[in-house]
Structures are given as structure tokens and as C-alpha cells.
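Asks: Listed below, chain by chain, are the residues.
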Amino acid sequence: MKPGRTQLARALGAYPTLLRVGLSEVVAYRAEFVVWILTTNMPFVMLAIWHAVASDGPVGRFGRGDFVAYYLGGWIIRLLTSTWMVWELSTAIRDGSLSSRLLRPIHPLFAFSAEHLAALPMRLLVVSPVMVVLLASAGRRLAIFDPIFDPRVAAIFLASLVGAWLLIFFTMVLLGSLAFFLESALGVFELWLALHSILSGYLIPQEFLPGWLAAVARRSPFDSMLAFPLETLLGLRDVHVALGDLAVQWTWVGAMVAAGLAVFERGVRRYMAFGG
Amino acid sequence: MASVGAMQYRADFWLKGLMSLVWTGVALVPLVSVFHQRATVRGWTFPEALVVVGCFSFMKGVLEGAISPSLTSVVEHVRKGTLDFLLLKPVDAQFLVSTAKFEPWRVMDLVGALGVFGIAFTRLGHPPPWRGVLLAAALLLVATLVLYSLWILVVSASFWVVKVDNLSYLFGSLFDAGRWPISVFRGALWFAFTFVFPLALMTTYPAMALLGRLGPAVALGALGGGVVFAALSRAVWRRALGYYTSASS
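Protein chains in written order, with my numbering: chain A, 55 to 330; chain B, 627 to 875.
Warning: the hint list may mix true and false statements.
[Stated by the list, open to error] Which bits of chain B does chain A cover? Going by a derived footprint, with three or more residues having C-beta under 8 Å, they are:
1) 642-648
2) 693-699
3) 806-818
[Claimed, not checked] Just some of the chain B residues that point at chain A, by a computed CB distance under 7 Å:
4) 652
5) 655
6) 656
7) 664
8) 667
9) 668
10) 796
11) 799
Hints are computed from structural coordinates only; laboratory data are not their basis.
Predicted model only: the values in this text are computed from it and were never measured.
Every residue, glycine too, gets a C-beta built ideally from N, C-alpha and C.
So here's chain B without its partners, still in its complex pose:
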């Protein structure tokens, strides 16, 4: 239903799809500039770093196409007090609010991601191992779950501090750091992007899986951690719902 709503505006679809591709291109400029100066940065060559960018574009498409639009509208519901109408329905509220809206032109981000993967593996001279592809797919799935859970936590915050719509900008700007392999960061940034806002799980680990460089211990840890995190955010959401005071009460 939600995607049909957006598909009515066909010119918009192509225009915004085009913009997505432009953004993918713009995002490559810093990477090209950095690798113009050095052949490897902290053990990553240019084509290998491109694989990370591919994962980044993919996750960005998922985030901005399927996750952000719906959850931004929840914040609006909470502020206006119209969340009542959703809570009254006999379906789980978290499911309803999470599937309210899709932005189908973000499919172009996925097209861009495939293009970047194509260039990367052509330069590397060999296709990714099939076990790596399976592992990467599993990791991206868990990464989607984690990203979604993080968003649910942000939305839960809106029950206490009502004005969080610019928190979504903050979310997006932090996410942008995910286009770089995690090992370029040291110290506090490395810790934050691995455990607090796990960009490593979203982009670097899937890329390492595709390159056949991810050890089984890290893979299992990432997968397990992701699932635990999702369960935790679900619990927080249920608690937060208890704090919701509607427009009428």
C-alpha cells in the first residue's frame, strides 16, 4: 500500500532515483582522493575499500527507503497525539508504525551499490567466494535489523523528549562515516563505531566477508550481538509506549 502511494508520482521517482545515483557518485570523491595519495590505507587497497562503499550504499538505500520514512512519521504521530489511532488497531503497533511508508526510488541506491561492487571485483580480478556472499547476505540482514533497532530506540526517545526530528539528521550524518573501513579509525571513534553505533557490522564486516577475510569468531559475534540488540530495543519500545500520553487523556 505504502509503496503504491509513492509510485503514483512517476516523474518524482526518476528524479529522486537519479539524485540517489548522483549522491553515490559524490560519495566516491573523498575515497578516490585519499587513494590517489596512497596505494593502501591501514591495510585496505582501493578496490577493497570500494567493496565497503558498496555495502554502505546498500545499507543507505535500506535505511532511507524502508526504515527512516516510516519512523519519521511516528515521531510526528507522537507529537500530535494521533498515535492513538494506530494503537487501537488489533495489529502490533511496532509492526504498523514500521511499515507505514516506503520510498521506492531508493531502489536506485541498490542499483548504485551493485555498480560499485561490479567495479570493485573487476579491479580485484576475481569474483567473491560463494560462501562469502552467503555470509555477507546474513550480515547485511542482521545489520538491517540493528539499524532498524537503533531507529526504534531513537523513536522511543520521542516519547520522553518530543522534538527529535533533527535527531534523524544526526543519525544520518553519523551513518555517513560507514563508507570507510572501520580500521581507519582509532581509539574512541573505533570503539563508538564498532559497539555503540555499530557501523563496522553494517559495512566493514559484510565487505570483509565478500573479500573472504572475515574470521568465524567475529562473524558469529556480530550475528549474535545483532540479534540480542534487536531484542533489547523491542523491550525499550514496549516500555516507552507506557509513557505515551495521547491527545485525549
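This is chain A alone, in the form it adopts within the complex:
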């Protein structure tokens, strides 16, 4: 057996344990977790605003109920796919605690990914009441509950969630690894966050952005991170469009995995040189 394969096998073997450790960490810091969830209140504020706007009739393709479905759905997808990797990675690089992670027989990114996946059950628990509200108030607007149900839509939606998680995770790896080279890596992250909130459809449905900006948003990788899964779920993108977008999303995933790993590995080599 080649050494590369044993390494991977060992890492996969350790994965369940890593997930368990991660889960108990989330449970231990539950108060912080709840506060973090509360900070993602922006979609609800935007929902209140569009509700006021749509009081005298639908806005484009959106009636009041559609806005409810859009923002609740967007919030749920965001919580299930986002990670706080940037802070952890850049802190680990700056205060040197990355060294101990590098010493372990498992790739540090592998361990990080387990920590974040382990938080998912807890996040599901938090979003489940909102899911109930979403289904009760706007269930019939969701494409997966369409009377002429198309299993392809459900499959595309699930694949798009996995794709969004991977894309966001490796973007965070890339941005966090900038801390190897830059003082103000978190500043770059802030810029990314600003672009994300506008272009991904998180704050405003892309179709309501000013024309040229909507075109930019639709072609940017931010589309794959939120707008594509969300609009597929709501049936705003039909099967053929969604299939094309799925291909685009996984192309972005491939590119970002390569870029994230490359920058991380380069950074680690540089980091070793300093740490001695």
C-alpha cells in the first residue's frame, strides 16, 4: 500500500471520533453558539422591509408569502452551509497553536472539517422550528412539494447543499491561510463578507439588484454559495437551469479546493521556516 493511501485510511478511521469531539465542544459552548445564531438576524430585518414594500401588491415575481419563503429558506441554508473557519485558522496561525495541530498524524484541515460538520446536528436543532414555520406558511411554494414532483429537483437541491458547504469551507481555508502572509487577513475577510451579503442573495434576491449588479451576482461564485440552492428549492430556477448551475457550482468547488489547498500548503512551508 502506498503511504498516501494509508494516511487517508487512517484519517477516515479517526473521523467518527473527531465528529464526537466536535459535537461535545459545541454542546459545551452552547451559550456562545446561540449568540452567534442571533447575530444572523439580518434576513429577518430584510424580510420585514420587503413585507412593508409588498403590502400594496407583489414585487416582480415575489408576493408577501414568497418573501417569507425566500428569507427563511435562505437563513436555514446559510446556517447549514457556513463555517467560522476563518477566525479559527487565522488565530491558530497567529498565536502558533497551529503547530500542535500540524504535529498530529491527521491533516489539520481534515480535523477542522470534522469540527464544523459536528456542529451540524446542533444547527439543525436550532433551525428546525424555523423549518416548521417555513413549511407551515410557505410549504406549497417550495419546488420539492410541487404537485408534479420532480425527483431531479430534490437531488439537485441536496447536491447543491453539499457543493455550497465545500465551496464555503475551502474559500474560508483560502482566506484564513492569508494570515500566513498578511497582517490584515481578517480585513480581506470583511471585504469578502460584504460582497457575499450583496451578491449571494443573502440580503436581497438577485433579481432586485440594479441590472448590471444582478448580472455580476449571477455569474459570481457567490451565486453557487446561496442563491443557487435557495432558488432551486423555491422553484425559481427550473430543472434545466438548475442542472447547468450545478455543473458551474462543482467547477467552482474544484477550483476552490485546489486553490485553498495550494495556499494552505505554501503557507505551512513558510510557517515552518519561522517556527524553527
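Starting from the known structure of chain A, arrange chain B on it as the hints suggest.
Replies: Relative to the frame of chain A, chain B by itself:
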């Protein structure tokens, strides 16, 4: 002293100042998009809503330039137990902790606010009435006091529950809702943003004053309420200090 500390890093000043301006621009995108769909939203036209955004940028600059940095460091002091060194000094502790740190590049937020006011009043076609400007200045002053008092309450909480640094993120994210006129909110959100976390006082009322639309009753109520609130938070701070157990005791 504190601002001299930050001014040493001149490149940082310009970079972060630039970021502040970018953020002001980004913050305008949702507003532009909403008013692209409708000429008025709950009685507010686009230029009038811009005045609210101007007040928001101004208060954001005050919050992140003068209030948050100092008070974030208090939380750190409480956790490490180094607040002792401040308490030993013969100056009032609340004054000392509140003036520990400034972030001068946030001046750019104020520049951004002036720019937004400029655009808004050019579109409205008339300058704000001078009495409105005076009233708005008074309201913004009280709003600063209230914002500061709210922060003092958050910091006071750190004496009981030590880990509140992510409460500051929550604070910031709630504050973001202040860029919208208060009347777009209904029910629970309206109540919360008027009385509990008084965003109305911080952004909508000063804007209405600038537009000459604020009644004297609301203005007086807001000013009086703000002062009472500040006194209350001062009392809570003093009580909270009694719960502080230092590193040595």
C-alpha cells in the same frame, strides 16, 4: 493618548478608512434596490430614507470609533482580572475604561455620512431648516449617550457572565437595522427598536428633525428618555462593579 497610539500606523489609517467608505457604499445597495421597486415605502421617499442612512453612518462611526474599542477592552480586563490596575487609580473607573482606546480611521464614516447627507438634500432640492439641524444635533448627542449606556450595560453583564465578546457582534448586527426608517417595522420589531434597543432615537428621529417633520412631543420624550436611561445604566455599572472579583482576591 489613545488616538495618538492608533495614528502611528498611517497606512492602516488610510486602508481602514477606505474600508469604512466601501462599507457605507455597500450599505446603500439594499436601499437602492428597495426604492427601485417602489417610489415610497411607508411614507418615506428615497432621498428622505437617505437622510436616515446618513444618521446611521454617523452613529456607526461614533459607535465603532469611540465606544466599542474601549469597552471591548474592559471585557478583556474583567476576564483576566487586570481591572484592578484601573480601579486603583484616583479617577472614576467608568471614565477611564471608556476613554482607553479610539479608532481614528472611523472619521471616514463621518465623511461618508456628510456625503450621504449632501446627496440626499441635493435631491430634495432644499437645505435642512436650521432649527432642524440644531434639534438633530441634540438628538444625535443624546443618541450617543444612549448607545454608550447600552454598551455599559453589556459590559456590566461581563461581571456576571464572563464571555461576552461575541455579545458585541450581536450588538453590531442589531445596530445594522438602524439604517431603515423605523416606520417600516411593525409590531414586535417596532416596539423593540423604539423602546428596548432605541434605534428610532439614534437614526430615524434625528433624520425627521433634519427633514423638519419631528413633533415637539416626540423630541422632548426622546431627549428626556435618553438622559434617564443613561442615569440608569450608570447605577447598574456601579452595582456590577461590586460583583467584580479580581485576580488576587
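Asks: Given residue 667(B) was flagged as interface, is its beta-carbon under 7 Å from a beta-carbon of chain A?
Replies: Residue 667(B) check passes; min Cβ-Cβ to chain A is 6 Å, inside 7 Å.
Asks: Does the interface hint hold: is residue 652(B) within less than 7 Å of chain A, judged Cβ to Cβ?
Replies: 5 Å, holds
Asks: Do the numbers back the hint for residue 796(B), that is, is its least Cβ distance to chain A under 7 Å?
Replies: 5 Å, holds
Asks: Take the shortest C-beta to C-beta distance between residue 664(B) and chain A; is it under 7 Å?
Replies: Cβ of residue 664(B) sits 5 Å from chain A, so the hint holds.
Asks: Taking a Cβ-Cβ distance under 8 Å as contact, does the segment 806-818 of chain B have three or more residues in contact with chain A?
Replies: holds (count 5)
Asks: With a cut-off of 7 Å, does the beta carbon of residue 656(B) approach a beta carbon of chain A closely enough for the hint to hold?
Replies: 5 Å, holds
Asks: Using Cβ atoms only, decide whether residue 655(B) comes closer than 7 Å to chain A, and label the hint accordingly.
Replies: Nearest chain A Cβ about 5 Å off; hint holds.
Asks: In terms of beta carbon proximity below 8 Å, does the segment 693-699 of chain B have 3 or more residues touching chain A?
Replies: violated (count 0)
Asks: For the hint on residue 668(B), just tell me whether its beta-carbon gets within less than 7 Å of chain A.
Replies: Check passed: Cβ of residue 668(B) comes within 5 Å of chain A, closer than 7 Å.
Asks: Answer holds if the nearest beta-carbon of chain A is closer than 7 Å to that of residue 799(B); otherwise answer violated.
Replies: The hint holds - residue 799(B) has a Cβ within 7 Å of chain A, the shortest such distance being about 4 Å.
Asks: Do three or more residues of the segment 642-648 of chain B come closer than 8 Å to chain A, measuring C-beta to C-beta?
Replies: Since 3 is at least three, the answer is holds.
Checked against the numbered hints given earlier, this structure breaks only hint 2.
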